[in-house]
Amino acid sequence: MAGKDYDHLFKLLIIGDSGVGKSSLLLRFADNTFSGSYITTIGVDFKIRTVVINGERVKLQIWDTAGQERFRTITSTYYRNTHGVIIVYDVTNPESFVNIKRWLHEIGQNCDSVCKVLVGNKCEDPARRQVETADARRFSDQMGVRLFETSAKENLNVEEMFNAVTAMVLRTKQENLARLQHPEVVKINRPKKKPPVKKCC
Amino acid sequence: MEKRPESGEIPGKPVESNSDDNSGNTGSAKEGAVSSPHRNLGNAQLNPSREEPRKKLCGYLNKLGVKGPIKAWKSRWFFYDENKCHLLYCRTAQDVNPLGSIDLSSAGFDCKVEADEGVFEIRTPSRVFILKAVSREAMMYWLQQLQMKRWAFCNTQTGLPVDSVTMAALPANETMHTEGEGFLPPVKTPTDVVGLKAASLPAPQLSAALQNISLKHPWTEIQNTIYNICGTRQLPGNGRSISDVEGFPEHPGTPAEEQEVEGEAECPGREQAREETWAGPRSHWPRKAKWLTSSFPAFTEGLARERSSPDNLAVLQQQVLTLTEEVKSQKELVKLLHKALEAAQQEKRASSTYLTAAEDRDRLELVRHKVRQIVELSNRVEALESDRRELEQSLALRDSRVEELQKHVQLLMDKNQAKQQVILKLTEQIALDLSEPVQEADAVAADTLYKQQEEIEHLKDDLDAYRTQNRFLNSEIHQVTKLWRSVAEKEKFLLMKCARLQARSCQVESKYLMMLRRLQEASPDVASGEAELVKSLIQEALQWDAKEEAAEALQLNPVREYDDYGFMTIPKYEVEDWKLLAKIQALEIKSNNLLSHTAVEKPLGERWASVAELSPSAELKGLIRCGIPVEHRQRVWKWIVTQRLSHHHAANHYESLLRQCERTEHPASRQIELDLPRTLTNNRHFTSPTSQLVPKLRRVLLAFSWQNPAIGYCQGLNRLAAIALLVLEEEESAFWCLVHIVENLMPADYYSNTLIASQVDQRVFKDFLSEKLPRLTAHFEQHRIDVSLITFNWFLVAFVDSLVSDILLRVWDAFLYEGTKVIFRYALAIFKYNEEEILRIHDSLEVYQYLRFFTHMIGDGRKLMSIAFNDMNPFPMKVLRNRRATHREELEAELSKLERIKVQYMKEQAEQVAWHLDGAVSEEEEEM
Ligand SMILES: Nc1nc2c(ncn2[C@@H]2O[C@H](COP(=O)(O)OP(=O)(O)OP(=O)(O)O)[C@@H](O)[C@H]2O)c(=O)[nH]1
Ligand SMILES: [Mg+2]
Numbered sequence: 001m002a003g004k005d006y007d008h009l010f011k012l013l014i015i016g017d018s019g020v021g022k023s024s025l026l027l028r029f030a031d032n033t034f035s036g037s038y039i040t041t042i043g044v045d046f047k048i049r050t051v052v053i054n055g056e057r058v059k060l061q062i063w064d065t066a067g068q069e070r071f072r073t074i075t076s077t078y079y080r081n082t083h084g085v086i087i088v089y090d091v092t093n094p095e096s097f098v099n100i101k102r103w104l105h106e107i108g109q110n111c112d113s114v115c116k117v118l119v120g121n122k123c124e125d126p127a128r129r130q131v132e133t134a135d136a137r138r139f140s141d142q143m144g145v146r147l148f149e150t151s152a153k154e155n156l157n158v159e160e161m162f163n164a165v166t167a168m169v170l171r172t173k174q175e176n177l178a179r180l181q182h183p184e185v186v187k188i189n190r191p192k193k194k195p196p197v198k199k200c201c
Numbered sequence: 001m002e003k004r005p006e007s008g009e010i011p012g013k014p015v016e017s018n019s020d021d022n023s024g025n026t027g028s029a030k031e032g033a034v035s036s037p038h039r040n041l042g043n044a045q046l047n048p049s050r051e052e053p054r055k056k057l058c059g060y061l062n063k064l065g066v067k068g069p070i071k072a073w074k075s076r077w078f079f080y081d082e083n084k085c086h087l088l089y090c091r092t093a094q095d096v097n098p099l100g101s102i103d104l105s106s107a108g109f110d111c112k113v114e115a116d117e118g119v120f121e122i123r124t125p126s127r128v129f130i131l132k133a134v135s136r137e138a139m140m141y142w143l144q145q146l147q148m149k150r151w152a153f154c155n156t157q158t159g160l161p162v163d164s165v166t167m168a169a170l171p172a173n174e175t176m177h178t179e180g181e182g183f184l185p186p187v188k189t190p191t192d193v194v195g196l197k198a199a200s201l202p203a204p205q206l207s208a209a210l211q212n213i214s215l216k217h218p219w220t221e222i223q224n225t226i227y228n229i230c231g232t233r234q235l236p237g238n239g240r241s242i243s244d245v246e247g248f249p250e251h252p253g254t255p256a257e258e259q260e261v262e263g264e265a266e267c268p269g270r271e272q273a274r275e276e277t278w279a280g281p282r283s284h285w286p287r288k289a290k291w292l293t294s295s296f297p298a299f300t301e302g303l304a305r306e307r308s309s310p311d312n313l314a315v316l317q318q319q320v321l322t323l324t325e326e327v328k329s330q331k332e333l334v335k336l337l338h339k340a341l342e343a344a345q346q347e348k349r350a351s352s353t354y355l356t357a358a359e360d361r362d363r364l365e366l367v368r369h370k371v372r373q374i375v376e377l378s379n380r381v382e383a384l385e386s387d388r389r390e391l392e393q394s395l396a397l398r399d400s401r402v403e404e405l406q407k408h409v410q411l412l413m414d415k416n417q418a419k420q421q422v423i424l425k426l427t428e429q430i431a432l433d434l435s436e437p438v439q440e441a442d443a444v445a446a447d448t449l450y451k452q453q454e455e456i457e458h459l460k461d462d463l464d465a466y467r468t469q470n471r472f473l474n475s476e477i478h479q480v481t482k483l484w485r486s487v488a489e490k491e492k493f494l495l496m497k498c499a500r501l502q503a504r505s506c507q508v509e510s511k512y513l514m515m516l517r518r519l520q521e522a523s524p525d526v527a528s529g530e531a532e533l534v535k536s537l538i539q540e541a542l543q544w545d546a547k548e549e550a551a552e553a554l555q556l557n558p559v560r561e562y563d564d565y566g567f568m569t570i571p572k573y574e575v576e577d578w579k580l581l582a583k584i585q586a587l588e589i590k591s592n593n594l595l596s597h598t599a600v601e602k603p604l605g606e607r608w609a610s611v612a613e614l615s616p617s618a619e620l621k622g623l624i625r626c627g628i629p630v631e632h633r634q635r636v637w638k639w640i641v642t643q644r645l646s647h648h649h650a651a652n653h654y655e656s657l658l659r660q661c662e663r664t665e666h667p668a669s670r671q672i673e674l675d676l677p678r679t680l681t682n683n684r685h686f687t688s689p690t691s692q693l694v695p696k697l698r699r700v701l702l703a704f705s706w707q708n709p710a711i712g713y714c715q716g717l718n719r720l721a722a723i724a725l726l727v728l729e730e731e732e733s734a735f736w737c738l739v740h741i742v743e744n745l746m747p748a749d750y751y752s753n754t755l756i757a758s759q760v761d762q763r764v765f766k767d768f769l770s771e772k773l774p775r776l777t778a779h780f781e782q783h784r785i786d787v788s789l790i791t792f793n794w795f796l797v798a799f800v801d802s803l804v805s806d807i808l809l810r811v812w813d814a815f816l817y818e819g820t821k822v823i824f825r826y827a828l829a830i831f832k833y834n835e836e837e838i839l840r841i842h843d844s845l846e847v848y849q850y851l852r853f854f855t856h857m858i859g860d861g862r863k864l865m866s867i868a869f870n871d872m873n874p875f876p877m878k879v880l881r882n883r884r885a886t887h888r889e890e891l892e893a894e895l896s897k898l899e900r901i902k903v904q905y906m907k908e909q910a911e912q913v914a915w916h917l918d919g920a921v922s923e924e925e926e927e928m
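Quick note, the sequences are listed as chains Y and G, same order. Residue 80 in the working numbering sits at position 80 of the first sequence, with consecutive numbering throughout. Residue 776 in the working numbering sits at position 776 of the second sequence, with consecutive numbering throughout.
Any given hint could turn out to be false.
[What the hints assert, rightly or not] Quick list of in silico lysine-lysine cross-link-like pairs, DSSO-like style, CA-CA up to 30 Å:
(1) Y:K11 - G:K425
(2) Y:K11 - G:K766
(3) G:K535 - Y:K153
(4) G:K897 - Y:K101
(5) G:K832 - Y:K11
(6) G:K425 - G:K451
(7) Y:K11 - G:K451
(8) Y:K4 - G:K579
[What the hints assert, rightly or not] A few chain G residues that don't get close to chain Y, going by computed Cβ distances all over 12 Å:
(9) S105
(10) E114
(11) L321
(12) A340
(13) K348
(14) V375
(15) S386
(16) A445
(17) S486
(18) Q634
(19) K638
(20) R699
(21) W706
(22) S770
(23) R775
The hints are simulated quantities; they were obtained by calculation from the structure and are not laboratory data. Glycine residues also receive a C-beta, built at the ideal position from the N, C-alpha and C atoms.
All chains, please: the whole structure from these sequences, using the hints.
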């Protein structure tokens, strides 16, 4: 087979309530298309895309999960070995925003240190918006996660969001490497409200 | 014609004419062969090939020409062209350019009783030709010949490279060799009216020769005429006076040739043959004329009107009689003369006495006496005269009376004869009927009898005609059926061949696309130019598909856009790579279907058709495993569901559930609404906004959420219900089918809150996988592949959206009948099907990539089925049950442990938050 065509391989996970547009975001990012009728995700699905960040080829294996609550016990197994988690809510659906907290808990239970971003999807239509950016911003600041507002439909901010996650994961990896090599020099630049760390990654 | 001398032929010399070349027109035919190929074609019958001494079909027929409103019979020379299976015709046999042609290959033949004798029809799709032969025999000869020609042509014409095996299978082929089967017993060839010899004869109806000239083809006429004129001019020294046959100056045949030819024919001699042929077309009138002119008066009166030798004798006797009569009268005359002489002598004596009487008184006395005598005599004469007249009158009377009587006698004899025939007939009939004896025979007037007799004769004639027609039409039907059958056989064979070729083409195409895919995958290693080429080829293949599909739709076995259940045969994937794979799979499936259609599907279909009443049996199980044919699927599914749920519910249960849906909104309805537009998006019944299936699906799912509140709605049930709807169509049936799946087939808690039974099944499945496919399991372990990531949804939705509809429904047939074991079997079979391929991949990510689409790459449903139900044996239900039980225990333990951790974590979180709110910094953070 061909030699390694990438420098890094990261596993990302997309979570969030059903119907917020997780699959649509992934479809947009991996295949740059949008389908108004993409089938519901049962269990998990994944796609692969390679991006170049700071001159480094990063291959991303992005897992897309089912949103319905009862699938959570299943999806919890997918958190293992995950480098970054994308938590998606739907700006036209406040309930999905409220549920973010539960999703964060979910991550907390299953991983130690993992990069996270908060994504408010379906932002292309202000008329249908029900979650204001300011509220979301306040919350994300509180949680110490970056916020992105995207539209898979109109291809707004999708690329940027995924690139940011990737860059974050890449930086973490590089920092970890550096710390392993020179443990005493490392200056940890952690956000203030980092939840307690459990070793599982 | 200038070429003639060059060809080195001696004009009019009949040396080369072979046995068949008896047209009496050798010279011109030869010329035709040399000079123009066109003529060669047109007058093929005049120049038959030497290798083929078969009889040529040709001859004069009258053709009903229709010129506007005028219908007229026209004499035409017809001849058959074997190469084209055309019946060509021209005005005379000697014409070079035909006036027209009739395509026999697609013609039907017919003769009608109502029509005149010898009239028959040739019907081509474009036109009906009405032809008339001189007699019924000639007509039958023509019809038979035409049938045989058509048969021969239709059997040789296709010239297919049909291999011997399949040809042997065609019954038509056999009949091809047993020539004449299905034809009427061959009619004796009316040699004098058909065949090449007839060409040497003048065209009939020559009095109207001018009328025969075809006005429709003036150019051909002119050509023919010129040719004929030239032809005759070319034969100056052949010693045949043109006026030999008066009125046919264009007839250039040589008597020498004719004689030679006719010598070979059955006719004993030329003269006789000629006479016969002359008489042939108008056989009636010469005889009639003879009869009219026979002048003997006795003949006209006589009863016998024939001139056979006994008749002659009678005539002579008659003559003798009259002569004796004459002699008698002569004798009487002599007697009279004697008397006259006597009288004269008396007178002489008296006058001499008178002369001798001396005295006047004596003389006076004498004179007086004489006068008295004279008066007396004249009185007597008068009396005699009147007597004679009377006698003459009475004689005439007698004569006429005799004549009358004779006529009467004749009439009576005729009547008698007729009566006798009638009696014969009637007695026959009576003997047949065995009914009461005939009494009326005498009572019935002779007159009516006669009429009846006549009528009977007519009817007999008609009967005969109808019988002939019937026989002919029967043979025509037989012929046409035979033709049709052979054509149908050929078509079937061609279709089969076509299917095979198409299957091969599909295979080749799919392999080609696979190659392209491989090349594309390897493209980092390949030079960029070649990579470009590969890419463009793929592009081309994908685009060409679309076009080809559109064009092919009109043809025999098109890859349809949608299958029987409305699934897109080639799903519209977003990614090119997937499109390619989908295409490859569609091609493979099609090729498999084409190949298995006759071998497998047909017998299966027949077996299904014979299953009238469904009842559980091992045989039915086997049949269902092979897949239920589309036309039986709905019935069988319905039967399975009702059979398994019969004890369950009241008739109006579904309706009451629906009413409940209207009253209260189930919490699941939000999720159901979210999922409705995301269900079976590759099926047109669910993507079309006007489709009735989406509202039906909504109602079914809502009703189910009330039916089973423990589950409510679980993502995935939408797909199950959708498949049920597609097959069963009826909303309520689909609902019960869903109930059957969830409550009968699946273990408890498969879809409820934690999906614990589903998770258990994943573990059980891993056990089976390691057992049945240990190599693969080792491979997965080596690359840290968790197959449950892939297989989880196979189980939850019974492969919907994973397998292509064709295979999916077959899996469902068995699944609905047998239960979850079927899902295990097929899941294992899918891995087995692709085992070697998976083992070749040595990169975790690539294995996952492969597993993500590999269900879509299964093209051979039959092979998969055979693996599932044969290779995976034994598969005891007991083992499955036990494994489920142990794994469930384990999992429950794990889950409760997890729950404890979760609770612990929540507590910690809460504490941390509280602590953080106090403003303190977590010490744990520093631990890192
Ligand atoms: N207007 C708008 N609609 C979107 C957008 N992204 C997704 N959708 C629609 O939202 C619906 C749900 O999208 P999915 O991507 O299937 O949602 P999901 O998060 O994967 O849902 P689950 O698979 O059930 O967990 C679909 O009908 C999409 O068409 C967006 O950016 N704008
Ligand atoms: Mg999804």
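Results for each hint:
Straight-line distance between C-alpha atoms of Y:K11 and G:K425 comes to about 110 Å, which puts the hinted pair past the 30 Å bound. At most 30 Å may separate the alpha-carbon atoms for a hinted pair to count; Y:K11 and G:K766 meet this at roughly 24 Å. Of the pairs offered as hints, the one joining G:K535 and Y:K153 holds, with about 28 Å between alpha carbons and a cut-off of 30 Å not exceeded. As the CA atoms of G:K897 and Y:K101 are separated by approximately 23 Å, the hinted pair is consistent with the 30 Å bound.
Restraint check: the Cα-Cα separation between G:K832 and Y:K11 comes to about 28 Å, which is no more than 30 Å; the hinted pair holds. Taking the CA atoms of G:K425 and G:K451, the gap is about 14 Å. The hint holds against a cut of 30 Å. Proposed proximity of Y:K11 and G:K451 is contradicted: the alpha carbons are some 112 Å apart, above 30 Å. Distance check on the hinted pair: Y:K4 and G:K579 sit about 26 Å apart at the alpha-carbon level, within 30 Å; holds.
At roughly 56 Å, the least C-beta separation between G:S105 and chain Y is larger than 12 Å, which holds for a residue marked as non-interface. Look at G:E114: its CB is around 70 Å from the nearest CB on chain Y, clear of 12 Å, so calling it non-interface holds up. The beta carbon of G:L321 sits about 122 Å from the closest Cβ of chain Y, which is more than 12 Å, so the claim that it is off the interface holds. Distance check on G:A340: its Cβ is at least 146 Å (rounded) from any Cβ of chain Y, clearing the 12 Å threshold; non-interface status holds.
No beta-carbon of chain Y is positioned within 12 Å of the beta-carbon of G:K348; the least distance is around 158 Å. Every C-beta of chain Y lies more than 12 Å from that of G:V375, the closest at about 152 Å, which supports listing it as non-interface. With a cut of 12 Å on Cβ distances, G:S386 stays outside the contact zone with chain Y, its closest approach being about 136 Å. Look at G:A445: its CB is around 96 Å from the nearest CB on chain Y, clear of 12 Å, so calling it non-interface holds up.
Consistency note on G:S486: stated as away from chain Y, and its beta-carbon is indeed over 12 Å from all of that chain's, at 52 Å minimum. With a minimum CB-CB distance of about 25 Å to chain Y, G:Q634 clears the 12 Å threshold, and the non-interface call stands. Against chain Y, the non-interface label of G:K638 holds: every CB pair exceeds 12 Å, the least being about 27 Å. The claim that G:R699 lies off the interface holds: its Cβ sits roughly 19 Å from the closest Cβ of chain Y, which is beyond the 12 Å cut-off.
Every C-beta of chain Y lies more than 12 Å from that of G:W706, the closest at about 18 Å, which supports listing it as non-interface. For G:S770, the condition that its CB be more than 12 Å from all CB atoms of chain Y holds, with the nearest at approximately 19 Å. The Cβ of G:R775 lies farther than 12 Å from every Cβ of chain Y, with a closest approach of about 20 Å, so its non-interface assignment holds.
The structure is inconsistent with the numbered hints 1 and 7, although it conforms to all the rest.
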